[in-house]
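Chains as they are written, first to last, in UniProt numbering: chain A, 1 to 253; chain B, 1 to 253.
Hints were generated in silico from the structure; no laboratory data involved. Errors might be hidden in some of the hints.
Stated by the list, open to error - The list that follows gives simulated cross-link-like pairs (lysine to any residue, SDA-like), each with its CA atoms no further than 20 Å apart:
1) B:Lys25 to A:Asp17
2) A:Lys25 to B:Asp17
3) B:Lys25 to B:Thr45
4) B:Lys25 to A:Leu16
5) A:Lys25 to B:Lys25
6) B:Lys25 to A:Thr200
7) A:Lys25 to B:Ala24
Stated by the list, open to error - Residues from chain B that keep clear of chain A, each with C-beta distances beyond 12 Å, as calculated:
8) Lys47
9) Val53
10) Gly57
11) Pro66
12) Ile70
13) Leu73
14) Arg202
15) Ala218
16) Ile222
Even for Gly, the Cβ is constructed at its ideal location relative to N, Cα and C.
Next come the chains, spelled out residue by residue.
2 protein chains.
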Amino acid sequence: MNKGKVTLVSAGPGDLDLLTFRAAKAIAAADVLLIDDLVDDEIVTLKAPHARVIRVGKRGGCKSTPQAFIQRLMRRYALQGRHVVRVKGGEALLFGRAGEEIAELAQAGIAVDIVNGISSGFAAAAGLGVSLTHRDHCQGVIFVTAHLRDGTEPDWGALAATGMTLAIYMGASRIDSISGALRHTLAPDTPAAVVQWAGTAREKRVCATLGDIAARAAQAQIASPAVILIGNAIGESVANEAARSEPVRRMRA
Amino acid sequence: MNKGKVTLVSAGPGDLDLLTFRAAKAIAAADVLLIDDLVDDEIVTLKAPHARVIRVGKRGGCKSTPQAFIQRLMRRYALQGRHVVRVKGGEALLFGRAGEEIAELAQAGIAVDIVNGISSGFAAAAGLGVSLTHRDHCQGVIFVTAHLRDGTEPDWGALAATGMTLAIYMGASRIDSISGALRHTLAPDTPAAVVQWAGTAREKRVCATLGDIAARAAQAQIASPAVILIGNAIGESVANEAARSEPVRRMRA
Numbered sequence: 001m002n003k004g005k006v007t008l009v010s011a012g013p014g015d016l017d018l019l020t021f022r023a024a025k026a027i028a029a030a031d032v033l034l035i036d037d038l039v040d041d042e043i044v045t046l047k048a049p050h051a052r053v054i055r056v057g058k059r060g061g062c063k064s065t066p067q068a069f070i071q072r073l074m075r076r077y078a079l080q081g082r083h084v085v086r087v088k089g090g091e092a093l094l095f096g097r098a099g100e101e102i103a104e105l106a107q108a109g110i111a112v113d114i115v116n117g118i119s120s121g122f123a124a125a126a127g128l129g130v131s132l133t134h135r136d137h138c139q140g141v142i143f144v145t146a147h148l149r150d151g152t153e154p155d156w157g158a159l160a161a162t163g164m165t166l167a168i169y170m171g172a173s174r175i176d177s178i179s180g181a182l183r184h185t186l187a188p189d190t191p192a193a194v195v196q197w198a199g200t201a202r203e204k205r206v207c208a209t210l211g212d213i214a215a216r217a218a219q220a221q222i223a224s225p226a227v228i229l230i231g232n233a234i235g236e237s238v239a240n241e242a243a244r245s246e247p248v249r250r251m252r253a
Numbered sequence: 001m002n003k004g005k006v007t008l009v010s011a012g013p014g015d016l017d018l019l020t021f022r023a024a025k026a027i028a029a030a031d032v033l034l035i036d037d038l039v040d041d042e043i044v045t046l047k048a049p050h051a052r053v054i055r056v057g058k059r060g061g062c063k064s065t066p067q068a069f070i071q072r073l074m075r076r077y078a079l080q081g082r083h084v085v086r087v088k089g090g091e092a093l094l095f096g097r098a099g100e101e102i103a104e105l106a107q108a109g110i111a112v113d114i115v116n117g118i119s120s121g122f123a124a125a126a127g128l129g130v131s132l133t134h135r136d137h138c139q140g141v142i143f144v145t146a147h148l149r150d151g152t153e154p155d156w157g158a159l160a161a162t163g164m165t166l167a168i169y170m171g172a173s174r175i176d177s178i179s180g181a182l183r184h185t186l187a188p189d190t191p192a193a194v195v196q197w198a199g200t201a202r203e204k205r206v207c208a209t210l211g212d213i214a215a216r217a218a219q220a221q222i223a224s225p226a227v228i229l230i231g232n233a234i235g236e237s238v239a240n241e242a243a244r245s246e247p248v249r250r251m252r253a
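Next comes chain A alone, as it looks inside the complex (with noise of 0.2 Å):
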């Protein structure tokens, strides 16, 4: 029996439009379908109509599908032969445990295409009219995640003080602790955004300054999934619609 394979295919942030092609053409010719809850449940129209799906939703906070098992299904119906799609939220090799699932796959000798996507950090800097990095302001951007294994924090001085802008996942229910360490480092009027379901339908966003971020958000009962962005390089949003007659508006071809 031929062995089978995985594709790990990036869904972006939900809106179908935010597909690549080669996402598209991977989830087309797959045989079984693992898909995330963070994906957008179209995403299904897209399946080759023999094709079986799994919904693996596993949300912080609310584990509903342990990792171990996703990890044993896809290994499963790959050694059965199968083209196993797992469809993740965002981009899979941004914070989405892609590393361990194919370190587990390569042991168990099974190959592992990976399709690219649209993070959510990207998605919301889009929203917003700004880039991540206006060369005006930084040398770059740091991706970091507020929720780690081990339940500590990470260093927030430290990156504060290298003068990128930050995007920080999976923060919003921390934003007051996090927008607080922050500010030992950084000014309080340093332009401060939290976005939720970026580059969605659904995207509500706040955009304020570290010191009021965290009391804006709560507000505007920003909530999880959003992604934090922090930097000058964010502020000129604001700058950017104040210089027009009408808001930014994000394409809805």
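With the hints as your guide, set chain B onto chain A.
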């Protein structure tokens, strides 16, 4: 007369397969296309018959089209009521001068839409078969340009000390001095890779260590455009390949 608008479209690494549907729709809707020289020529097959194509190549070192001229062109056509689509390689919001373009257009009262794409750092990681943020190894990833506008260098020591994966753009020509600077903080056996033309048919990659990456890149004649990836998460590439009978395959659907 209606005021036109500008859409900044991120074309990804090159292969049209890595475009998003939204990007393809924007290109099809354009009256005027301004196309960067890192973008695959084939992209014009997606345009409308009437659309005008202007190539605005501007590679590091040989500035064939000055940035100010590109910005003037965009503004002029938009103020004539045209839909201008500016097609940039990679992700427009990462090291793409998009910040300056958006700000100038906003000042002229011109609406700007942004369409995200796949940046070469992600495409490089997909080719290597690694996550940029394997949680056994790091808390995130830093995207930094080695090419600072004032001719200075990023603070390599501070970046290395964060323990994060480093994705260094525009550093191929100075990989020797960059890896040397990083060795003040990181061990010489820290995994390192350099990937030229990531995500395209002519992709070329070298997996090595911080100690020998510069020599190995020179040997393999890796040149710009290339991205350098450094950190323990990148070392998974070798482990994953070694565990299997066949190398990591990139999907060519």
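Hint-by-hint comparison with the structure:
no.: 1; hint: B:Lys25 to A:Asp17; verdict: holds (9 Å)
no.: 2; hint: A:Lys25 to B:Asp17; verdict: holds (9 Å)
no.: 3; hint: B:Lys25 to B:Thr45; verdict: holds (12 Å)
no.: 4; hint: B:Lys25 to A:Leu16; verdict: holds (13 Å)
no.: 5; hint: A:Lys25 to B:Lys25; verdict: holds (17 Å)
no.: 6; hint: B:Lys25 to A:Thr200; verdict: holds (17 Å)
no.: 7; hint: A:Lys25 to B:Ala24; verdict: holds (15 Å)
no.: 8; hint: Lys47; verdict: holds (14 Å)
no.: 9; hint: Val53; verdict: holds (20 Å)
no.: 10; hint: Gly57; verdict: holds (19 Å)
no.: 11; hint: Pro66; verdict: holds (16 Å)
no.: 12; hint: Ile70; verdict: holds (15 Å)
no.: 13; hint: Leu73; verdict: holds (19 Å)
no.: 14; hint: Arg202; verdict: holds (17 Å)
no.: 15; hint: Ala218; verdict: holds (25 Å)
no.: 16; hint: Ile222; verdict: holds (21 Å)
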